[in-house]
Every structure is written in structure tokens, then in C-alpha cells.
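Trainee: What follows is the residue order along each chain.
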Amino acid sequence: MLPTLDLGPVALPTAGLVYILGIWLALTVVERSAARLALNVPVTYNLAALGLAVGVIAARLAFVARYWDAYRQNLVGIVWPLTSGFSLLPGLIAGLAAAFFYARAKRLPAWPTLDALVPALLVALLAISLADFLAGPGFGERADLLWSIDLFGVRRHPVQIYEIVVGLVALLAWRRAVHSQRLPGQAALMALAVYSAGRLFVDAYRANVSLTADGYHVVQIASLGILLASLGLLARRATTAD
Amino acid sequence: MPATTKSTDRSLKPSGNGVTATPSRFTWTLLLVGALLLGSAWILYSREDSAAAAADGLTEAPTAGHIAPDFSLELLNGDTFSLSAMRGQPVVLNFWATWCPPCRVEIPHFEQASRKYNGQVVIAGIDDGEPVTRVRPFVQEMGMTYPVPLDEDSVVSRRYQVNSLPTTFFIGADGVIQNVHIGLINQAVLEEKIESLIQGS
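These protein sequence lines map, in sequence, to chains A and B.
The letter at position 110 of the first sequence is residue 110 when you use my numbering, and the numbering goes up by one with no holes.
The letter at position 89 of the second sequence is residue 331 when you use my numbering, and the numbering goes up by one with no holes.
This is chain A alone, in the form it adopts within the complex:
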């Protein structure tokens, strides 16, 4: 674990650095995959950047609105520090809505655009797992395996590394499928299916997880939902192709 990167007297939070690097890399991937799929590169890039920017701003504003009493006394706090203080759900909804309306306005084709966006999403998820490994609260179940990591004297599953491997396999699946797909969207759906199947599997080895009242892993349930939806759409797309 490496929560901070010490450069002389300055200690930089590694999680923040990884997030910034992840965003830059994800937007680069959008550009490259859009070019590869012969899409309009600037418009596809703008779609991703707009969705991201609106999402971040909306997440911050929703948080500010919720704790307005605290911010009213310190207006500078609205813009600094930005290392925390975001409401995830409103940000996600606003970001997706902005991307949706922008895509409609620019008449972007849905399935090819999804093909271009999914690898960027996977890169962003890889960055989240890496940040969690370096500085996050996540850790794996106890395990005395060859590849277990020592965390404060206890050997555990390197669960974030498993997630990174899953993400890389999903990216490989996308890369392979994009050459052979008969209809646009199949590569994106296949990559989503591989990633969600992987997360469904490896989340069992995560120790501090969000659980339902009955003790089920929330991530596993969400992953199964995405996996089934992806496979259902792949079946439907296969029918269309036939």
C-alpha cells in the first residue's frame, strides 16, 4: 500500500494521481477506439468528456446542496479541496443524461459509439482498482497462497489485482471481438459480459464489501445483472445479424 508519494516535503495522494491518470488514459482510449471504428473522433471524444465533466460537476453540486449550511460559511470550500465531497448517484445520472442528449443532438450511432466507449470505461475501472490497491479501503479475505499479499501482518487475497486482471482480459476480449463482430455493439457487449462475469467471481474474495441485509455482495448482484443483460442483448443482436 502506498497512500502518498513523498517528493521531498510534498506528499502527493497516490489515489488522486491514479484517478487523474485514469481519466486521461480513458479519454485517450475513446479517441483511439473511435478512430479505429471509423467514427467521428472529435464528436465521440466530446461525448465522453462532456459526460465526465457534467457528472463531476453535478456530483459536487449535489453534495454542496446537501451540506449547504456548512458551505454557506465557507464558499471557497465549494471548489477546494476537491479530493472528496461528491454525491455519486446524482453525478452518474447527470453525466449519463448529458452524454445521451449530446449523442442524440449529434446523431451519433448508438452501437458503434458504445463500442468506442466501453474500452474507456474498462480503463477507468482499472484505475479505480489500482487506486484502491495503493491507497483505498479495500482488502481481500485471508488466504495463504503463493500470490497472497501481506497486509499488516495478515496474508490476504490481492483482490484489487484480481480486478485489474479481469479488466485486462475484458479489454483483450473487446480487441478480439471488434475485428470479427457482425454487427456494431457486439464487441462492447462481449467486453461488458467478460468484465461483469469476472467481477462476479472475484468479489467473493473481497473482505470489506457492501452487503445487502441478507449478507449478499452488492457488487456480485450488480455484476450478474450486467452479465445477463449483456448476454441477452448479444443473443438479440445475433438474431438481427442472422
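Hints listed in this document are in silico derivations from the structure and should not be mistaken for laboratory results.
Quantities reported herein were computed from a predicted structural model and do not represent experimental measurements.
Treat the hints loosely; a few may be bogus.
[Unchecked claim] Straight line, CA to CA, 20 Å or less: simulated SDA-like cross-link-like pairs of lysine to any residue:
no., chain 1, residue 1, chain 2, residue 2
1, A, LYS106, A, ALA94
2, B, LYS358, A, GLN73
3, B, LYS358, A, TRP68
4, B, LYS358, A, ARG66
Got chain A sorted already, so can you dock chain B onto it with the hints?
Mentor: Only chain B this time, still in chain A's reference frame:
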């Protein structure tokens, strides 16, 4: 012609050798049923027994999901602050120092929170590595009324692996660290995390 139409046309063609590599609808449906059955079984198998999960986390370490390392430090008034004595109520430990500018910025937030959540949470500002002669006038100048344990030799700071100031630990009533915040924290984030601690307790 727009570039997107070109892409659709190309993707309709079979791959290189004339044989498409994409599975049929039947194969995908079979995979879907298999995923549903295996996935559900795996979720059932992975279900956490809450007692077992709690037992797994019962190791002492300065990170989220672990028991906060215990310590006893002297306060400015000569009393002793012991973390284990606080068990049963949420605790916020803020590591700071007089020379640290962001610490100076956030101290009023902790002061305000200590008044707002008085009786619901214990807030303590651990001074890291400074003599009492330097800390006392600073505390008076800033008007700090919450407990200030003195970690003059940085023993507790090292045990909590505090590499940069300020760093704040949010500890649940059960003694388990819920969150670690490195760097400056603003009033709203502080309140959000404290309310989360209180709800969890």
C-alpha cells in the same frame, strides 16, 4: 456519407476467411442460462455470515476495516486520553501540528463539529511531535476546546503510519476504522463522515 455508416457496412461483412466468429443466438442463450445458474449459485455460496466477516476484520491496523490501534497520551491539562476508553462511541482522530498550514485551516471545522455533535462523537486533535510549550499557546490562539492529546515523540503517529499532515481517522463505536482522510478536509465532508459514523453506530 458519414463515417459511421461506413463502420456499420464494414461490420456486416464476415471476418477475414469468410467465416464469422460470432456465436449464434442459440449459443448466447445457452450462455445466458448458464450464467444465470452459475452466477446465482456463486452469489449464494459467497454470502457472508456477518459474525465470520466481523471476526475476519479483527486485526489491529491503521487502515479502514481494521481495529484502530490503541494508545494512551497525555492531554494539555495533564489528564490521559486513552482510545480504548472511548469504545462504544464514534471517535474522530485528527493528526495535526502547529507548523502545518492546512491543519490551521481545518481546525475551526473540527471545533465547530465538536460543538455540533457534542455527546454523539468524540473528536480529538493529536498534535504530532511538538513540545507542550509550543502547542499550548497555539491551542489558546485557535480557541480549541476539544481534547488535544500530545504525541511529542510521534509514537502514535508512527503506529498510525501518518506520513503527511493533516490526516484524519474516523473510527466507529466498535473500534473499527471506517475511513481515513489524508489532507485538508472541509466542513461539509467532515460532517458527512461524522454523520455516517453516528448512523453506523
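Trainee: Run every hint past the structure and note whether it holds.
Mentor: Now for the hints, and whether the structure bears them out:
Among the hinted pairs, LYS106(A) with ALA94(A) is consistent with the structure: their alpha-carbon atoms are about 18 Å apart, no more than 20 Å. This hinted pair checks out: LYS358(B) and GLN73(A) have alpha carbons roughly 15 Å apart, not beyond 20 Å. Taking the CA atoms of LYS358(B) and TRP68(A), the gap is near 15 Å; set against the 20 Å cutoff, the hint holds. Of the supplied pair hints, the one linking LYS358(B) and ARG66(A) holds, its CA atoms being roughly 17 Å apart against a limit of 20 Å.
Hint compliance for this structure: every hint is met.
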